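What follows is each chain in one-letter form.
There are 2 protein chains.
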Amino acid sequence: MIKIIVDAMGGDNAPASNVEGAVTALNADSDLYIILAGRQEDIQAELKKYKYDSSRMEIMDCRDSIGMNDIPTEAIKRKEASLVKAYWALKKEDDIAALVTAGSTGATIAGGQIILGRIKGVKRAALCPAIPNSRGGYTLLCDCGANAECKPEMLCQFGVLASAYAEAGFGIKNPRVGLLNNGTEEHKGDPLRQTTYQLMKKMDVINFVGNVEGRDIMMGDIDIAVADGFSGNVALKSMEGCGKLVLGIMKKEFSASLRTKLGYLVIKPAIKKMRAQLDFDGMGGALLLGLKKVVVKSHGSSKPRTIAASIANAAQIYRNNLVGRVEELLAGVDWQSLVPKDE
Amino acid sequence: MIKIIVDAMGGDNAPASNVEGAVTALNADSDLYIILAGRQEDIQAELKKYKYDSSRMEIMDCRDSIGMNDIPTEAIKRKEASLVKAYWALKKEDDIAALVTAGSTGATIAGGQIILGRIKGVKRAALCPAIPNSRGGYTLLCDCGANAECKPEMLCQFGVLASAYAEAGFGIKNPRVGLLNNGTEEHKGDPLRQTTYQLMKKMDVINFVGNVEGRDIMMGDIDIAVADGFSGNVALKSMEGCGKLVLGIMKKEFSASLRTKLGYLVIKPAIKKMRAQLDFDGMGGALLLGLKKVVVKSHGSSKPRTIAASIANAAQIYRNNLVGRVEELLAGVDWQSLVPKDE
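Residue numbers (the numbering used here), protein chains in the order written: chain A, 1 to 343; chain B, 1 to 343.
If you're looking for bench data, these hints aren't it; they were derived computationally from the structure. Mixed in with the good hints there might be a few duds.
Which copy is meant is left open, so a pair is good if it fits within one copy or across any two.
[Unchecked claim] Straight line, CA to CA, 20 Å or less: simulated PhoX-like cross-link-like pairs of lysine-lysine:
id : residue 1 : residue 2
1  : Lys268    : Lys252
2  : Lys201    : Lys188
3  : Lys252    : Lys292
4  : Lys91     : Lys188
5  : Lys261    : Lys272
6  : Lys3      : Lys92
7  : Lys273    : Lys251
8  : Lys268    : Lys251
Since the structure is predicted, the reported quantities are computational estimates derived from the model, not experimental observations.
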């Protein structure tokens, strides 16, 4: 039995979406046990709408919740907030495997680093979403927002963290790691990229394939794109924005007249493929990598299916021992010989 | 009569594509005069295929050309290279208004800064493409590759340069300038973004509307997104990559069977709108802003219509006095009081 704690109050559609998503995930996996953290009466009101195995679902009552505009490092001190209480339970209870939240990204990162704690040797936790690629799989983008400023050693570690995720989450052996840069040639980029390139080349624990560009993320010729949190965030949101525009145009144009509605029916399979290609929520949310336990940050606007996917993904990578794999890989790097002392 | 010099040898499809594009542009605008820089015999062989007013077209024979893998600062010294000769002519001949090239980006930037020179007061030239947005217009992204490392003052200037382009190229009065960041709140981003935000707030010559995210570029609620060349490049290529994937899927799926081909005919207008939305070459190429004359860098893979669009765009912004407008706007900023001395 895998026990997962879900922040029922985080996100734009909480608690309705979160509770429905949790029920969906629970019903799909008989080996799952879910704790819903949030206002008991609100959660109970939502739970009443569904059929589920109540012996595998419990509520952890929390009287407070964190909003999107709260200051993360302050909010994370509010002991009755659902995310905070969930993090403390995750830290203290050995049998809780993972946390899923659609709440404030900043508070999720702060709670992860301050309450739960990082795996020994990890410099910084990193946010890592799975981007749909043209091979029908996913490309991991790490970091995409937790660390606006990075040093070469951090980028190297992001490559390690994401490699462990690619293995545990997608069964990819020896995942291909690219460094997100402004060109593919070895000398390209700013000093951060130039130094990181030289370090990654020397690392045996990752399968470094060189520099990649923004357009390579969705192509799928790599499994992982390593970025600082700033440019990773820009890349993610640029792709999402482009995808949303296209889907928006399709929706509007195809429902414009009887003629276009009929046309839509004929080409539905093609449209379905396009939708799948642009489904950035397919895997639910981004992993917060480098922490002592599995933490999944679902989109703030998560729908029930997004929450359910995040929970299923959390269970999957727990089963495949993500944290253990990170520790193994990290142990294979001699950081002191890799990174010059003055770094 | 506007005289424009075109590097006939730059780009993947040169000289065929460049010459055809030049002829198209010439035939569309009777006020245009074009100089084609490149191997005379190759250009003449291409020109023979078309009808055009030969009194408005001349060839500047150049025996050398710059490849995509040549080192820019070295290549720009090769005096017989078409791009180099074109830059020298642009610098020396008062009546040449603009240069259009699809050649090496690095060499174009190097030639612009070293041969042609910057407008007085401009710290760095910046590459500024026009991204199609959902309002049916374009959002300017500046810088997107000329400067991987930037200081706050440079980002402020990019806002000024792009504002002049938005006016001269698109007739936008008081264009809205956003700072590309990893979130919209004022405190977001790294120190570079935080400092730039505070400086831009104080600048009267630009209409600063605050931080924007990657997804806002294609939305069109802003006219200009200011970025360092690194993250701007990542944003551009991420959007392009996403767009190309979608168009690739459409092309493949819609030609898969008779059924889908018929379906395609019915919904053709909708598809056309999607194509327009994803046409990153609509304006031809990116402007290299901040130089003493108009320079347009067309895509390396430019087709004839891309070259023609680049030439038309160059003529348009020359007519609307881009360089003069940059000088006017720059004169309106008191940099010494704006930027602290230790910057």
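Going down the list of hints, with the structure as the test:
For a Cα distance limit of 20 Å, the shortest separation of Lys268 from Lys252 qualifies both inside one copy, at 15 Å, and across copies, at 14 Å. For the identical chains of this complex, Lys201 and Lys188 are intra-copy neighbours only, at 15 Å inside a copy versus 33 Å across copies, given an alpha-carbon limit of 20 Å. Neither within a single protomer nor between protomers do Lys252 and Lys292 lie at most 20 Å apart by alpha-carbon distance, with minima of 45 Å and 45 Å respectively. Taking the closest pair of Cα atoms, Lys91 and Lys188 never come within 20 Å of each other, the shortest separation being 42 Å inside a single copy and 29 Å across copies.
Taking the closest pair of Cα atoms, Lys261 and Lys272 come within 20 Å of each other both inside a single copy (15 Å) and across two copies (16 Å). For a Cα distance limit of 20 Å, the shortest separation of Lys3 from Lys92 inside one copy, 13 Å, qualifies, whereas the shortest one across copies, 74 Å, does not. Within a single copy, Lys273 and Lys251 get their C-alpha atoms as close as 15 Å, and across copies as close as 12 Å, so both meet the 20 Å cut-off. Taking CA atoms no more than 20 Å apart as the test, Lys268 paired with Lys251 passes in both settings, with 12 Å inside one copy and 14 Å between copies.
Violated hints, in rising order: 3, 4; the structure is consistent with all others.
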